[in-house]
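Protein chains in written order, with our numbering: chain A, 1 to 354; chain B, 1 to 354.
Since the hints were made in silico from the structure, they are not lab data. It is possible that part of the hints are untrue.
No distinction is drawn between identical chains; accordingly, a pair holds when it is met within one copy or between any pair of copies.
[What the hints assert, rightly or not] Only pairs whose alpha carbons sit at most 25 Å apart, straight line, appear in this in silico BS3-like list of lysine-lysine:
#1 K138 <-> K307
#2 K62 <-> K162
#3 K267 <-> K79
#4 K16 <-> K105
#5 K267 <-> K333
#6 K162 <-> K29
#7 K274 <-> K323
#8 K97 <-> K29
#9 K106 <-> K45
#10 K274 <-> K75
#11 K336 <-> K267
#12 K301 <-> K106
#13 K79 <-> K301
#14 K323 <-> K62
#15 K16 <-> K276
#16 K250 <-> K97
#17 K301 <-> K105
#18 K267 <-> K75
Protein chains: 2
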Amino acid sequence: MNLRMKWLRNQLLPLKLDGMIVSNPINIKYLTGLDEEGYLIVGPKENIFVTDSRYIESVNRKLTIDDEIIAYNSKELDKYDYEGIFMSYDNVGFEEKYVTYEQYKKYLQMFQVSMSETDGLIENQRIVKDEEEIEYIKKACEITDNAFEYILDYLQEGVTEKEVAFELEKYMVLNDADGIAFDLIVAFGENTSMPHAVPTDRRLRTGDIIQFDIGCKFNGYCSDFSRVVFTAEPTEEQKQVYNFLIEEQKRLSIAFKDGANIKAIIKDRESEYKLKNFALLHAFGHGVGLDIHEQPFLNSKVDNYAKENSVIAIEPGVYFPGKYGMRIEDTYKVEKIGTTQLTKYKKDYIVIKL
Amino acid sequence: MNLRMKWLRNQLLPLKLDGMIVSNPINIKYLTGLDEEGYLIVGPKENIFVTDSRYIESVNRKLTIDDEIIAYNSKELDKYDYEGIFMSYDNVGFEEKYVTYEQYKKYLQMFQVSMSETDGLIENQRIVKDEEEIEYIKKACEITDNAFEYILDYLQEGVTEKEVAFELEKYMVLNDADGIAFDLIVAFGENTSMPHAVPTDRRLRTGDIIQFDIGCKFNGYCSDFSRVVFTAEPTEEQKQVYNFLIEEQKRLSIAFKDGANIKAIIKDRESEYKLKNFALLHAFGHGVGLDIHEQPFLNSKVDNYAKENSVIAIEPGVYFPGKYGMRIEDTYKVEKIGTTQLTKYKKDYIVIKL
Chain A
1 MNLRMKWLRN
11 QLLPLKLDGM
21 IVSNPINIKY
31 LTGLDEEGYL
41 IVGPKENIFV
51 TDSRYIESVN
61 RKLTIDDEII
71 AYNSKELDKY
81 DYEGIFMSYD
91 NVGFEEKYVT
101 YEQYKKYLQM
111 FQVSMSETDG
121 LIENQRIVKD
131 EEEIEYIKKA
141 CEITDNAFEY
151 ILDYLQEGVT
161 EKEVAFELEK
171 YMVLNDADGI
181 AFDLIVAFGE
191 NTSMPHAVPT
201 DRRLRTGDII
211 QFDIGCKFNG
221 YCSDFSRVVF
231 TAEPTEEQKQ
241 VYNFLIEEQK
251 RLSIAFKDGA
261 NIKAIIKDRE
271 SEYKLKNFAL
281 LHAFGHGVGL
291 DIHEQPFLNS
301 KVDNYAKENS
311 VIAIEPGVYF
321 PGKYGMRIED
331 TYKVEKIGTT
341 QLTKYKKDYI
351 VIKL
Chain B
1 MNLRMKWLRN
11 QLLPLKLDGM
21 IVSNPINIKY
31 LTGLDEEGYL
41 IVGPKENIFV
51 TDSRYIESVN
61 RKLTIDDEII
71 AYNSKELDKY
81 DYEGIFMSYD
91 NVGFEEKYVT
101 YEQYKKYLQM
111 FQVSMSETDG
121 LIENQRIVKD
131 EEEIEYIKKA
141 CEITDNAFEY
151 ILDYLQEGVT
161 EKEVAFELEK
171 YMVLNDADGI
181 AFDLIVAFGE
191 NTSMPHAVPT
201 DRRLRTGDII
211 QFDIGCKFNG
221 YCSDFSRVVF
231 TAEPTEEQKQ
241 VYNFLIEEQK
251 RLSIAFKDGA
261 NIKAIIKDRE
271 SEYKLKNFAL
281 LHAFGHGVGL
291 DIHEQPFLNS
301 KVDNYAKENS
311 VIAIEPGVYF
321 PGKYGMRIED
331 TYKVEKIGTT
341 QLTKYKKDYI
351 VIKL
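Assemble the whole structure, with the sequences as input and the hints as a guide.
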């Protein structure tokens, strides 16, 4: 059995759980490496992965005897099999952040055990990355940097946001990425004022600013990166906003060291935004790993402390509704002191001629 | 207010609901056209879309006075605002198939109303498509047919499954698709034995059979299509399996007319599979619309009747674990008598020379 599965089994007793049902596919991948549909039952007697006939062959090709996981086709399990599995279980944990209300009721009925919330047990464990995970994230960051460098050459008068987004995806996939980490954002001109702009057929014109927010996956692990590109000399106002973002990001990247109080750091930066009269349209950042948005979330709502070897995206942004917006973002690894930047593209003004 | 919103409001009273919280983004898109994150509160007094600061500008750009929907930034709503909204509500419907157990508990606490399951109310309504929806699906089918024709020319010795899948996606996106409707399946040789094969770096060799399962979206609406391609003259066994699938699909496409008993039809075909000793690794098909898999599901588990103007994918498949598999699939519109095929690529043996 691998270390992560052993870790989970060791959590159960102190939590007074006889077992746990893992339903979130990202958590299943984290624990077992499997990305087939199904759910995992972790218990003192055995570990069971319940999948269906579409996936059973592929699951069985991947699992080895060392995994100590038995795969079943759900069709072949009846009421009595579940009774057998859960016979010695009184209280089983489930993932209330992932399981739907309907599924919860089905579990109750099928398994005939009492079910307890687990409050992000596995998600919390995923915050601190091991060496292998860091290597995968670094590789995703490297592909993203290279894709951005590639796309700067591709940009020309008249290309659409959609075409540019697609060209970025193509570069990523043909250069070892599993795929994109989220729907890539490429926004021109006035569309940059929306943090979650969806690429349209809007064509690029000289004078536009361009917002990129891009990332890919490598072996399941994500990168996250944003840059602004100018197609004309930036105005004084634009320069001021841009410089402000660079300073903000730098300040945050220094503040986020092992043990730092996230709530306090973010509260402080929120005050700065208020002073400058800038609207806060999104958080200052988030953890990055198997999920593109995972813990820790860089907001001032909950008490939370930065941890060494966690990976976070830091992304201050400033937006003027209907006019334009800018956001700078890099993926960082949190260290004992400060952070190491994993996406590395430079942050000088990027001015291109179409 | 549009017809779909009016329809939903008319459902509430007979269901003894004072309002409904719509959380499933596909249902929100169906009702309002919005694809921003958030949830919709439909009530007798007003319709409210609660989103957040990332999306508020984009939502407000889309909504007009005719929509009769008020958009709020969730940050600007406090306990007292929710009290105001839900003051005259006793019992509110929610989507138990979509809402997580945690979210359900949050809704209860925030809204201070009693919440009732709605048992797929909107999903059921989505089964029968209107003319506009059919047009969008037809367009998605046409793009898919063309993408398949295009890719046959692209195939050559040594290309990888991943490269072919990506080339298909590129063709779709550059030819008016919003994007792919699901992770495209391109499987070579022995990989075809897994119905949900994920494209790998496996290279194409003469003699391989190739399984395609592809589809795209147009204005949010999906297409679904599968074909087998031979790179050498098919063996007698392969021909028999292929012909069996063509016959199966034809039989089903005739059986699925308005009012047909889905359970009975599928039970009958399952017996045929058993007689032939073929494993049933997946259902015979499913509804297609804003979701790639939606109602009706073509299985023998629940009582269900086909409806005119619903759209379904019919996809019989036969698999020999570790060896190979084949699946033929087209998207059909259900008519008063029989069906109309919407993906149109021919079904003769497709034999290509690499």
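Each hint, compared with the structure:
1. In this homomeric assembly, K138 and K307 come within 25 Å of each other (Cα to Cα) only inside a single copy, at 18 Å, whereas the closest approach across copies is 52 Å.
2. With identical chains, the CA atoms of K62 and K162 are at most 25 Å apart between copies only, with a shortest distance of 19 Å across copies and 37 Å within one.
3. When the C-alpha separation of K267 and K79 is checked against a cutoff of 25 Å, the pair qualifies only between copies, where the shortest distance is 22 Å, while the shortest distance within a copy is 52 Å.
4. Both within a single protomer and between protomers do K16 and K105 lie at most 25 Å apart by alpha-carbon distance, with minima of 21 Å and 23 Å respectively.
5. When the C-alpha separation of K267 and K333 is checked against a cutoff of 25 Å, the pair qualifies only within one copy, where the shortest distance is 22 Å, while the shortest distance between copies is 56 Å.
6. Proximity of K162 to K29 under the C-alpha cut-off of 25 Å is restricted to the inter-copy arrangement: shortest distance 21 Å between copies versus 31 Å within a copy.
7. In this homomeric assembly, K274 and K323 come within 25 Å of each other (Cα to Cα) only inside a single copy, at 20 Å, whereas the closest approach across copies is 64 Å.
8. In this assembly of identical chains, K97 and K29 lie within 25 Å of each other by CA distance both inside one copy and across copies; the values are 17 Å within and 23 Å between.
9. Taking identical chains as interchangeable, the C-alpha atoms of K106 and K45 lie at most 25 Å apart only when both belong to the same chain, with a minimum of 23 Å there against 35 Å between chains.
10. In this assembly of identical chains, the alpha carbons of K274 and K75 lie at most 25 Å apart only when taken from different copies (15 Å versus 57 Å within one copy).
11. In this assembly of identical chains, the alpha carbons of K336 and K267 lie at most 25 Å apart only when taken from the same copy (22 Å versus 63 Å across copies).
12. Only between protomers do K301 and K106 lie at most 25 Å apart by alpha-carbon distance; the minimum there is 16 Å, versus 33 Å within a single protomer.
13. With identical chains, the CA atoms of K79 and K301 are at most 25 Å apart between copies only, with a shortest distance of 16 Å across copies and 44 Å within one.
14. In this assembly of identical chains, the alpha carbons of K323 and K62 lie at most 25 Å apart only when taken from different copies (17 Å versus 51 Å within one copy).
15. Neither within a single protomer nor between protomers do K16 and K276 lie at most 25 Å apart by alpha-carbon distance, with minima of 50 Å and 50 Å respectively.
16. With identical chains, the CA atoms of K250 and K97 are never at most 25 Å apart, being 33 Å at best within one copy and 43 Å at best between copies.
17. Taking the shortest Cα distances, K301 and K105 sit within 25 Å of each other only across copies (19 Å), while inside one copy they are farther apart (31 Å).
18. In this homomeric assembly, K267 and K75 come within 25 Å of each other (Cα to Cα) only across copies, at 16 Å, whereas the closest approach inside a single copy is 52 Å.
Hint violations for this structure: numbers 15 and 16, all remaining hints satisfied.
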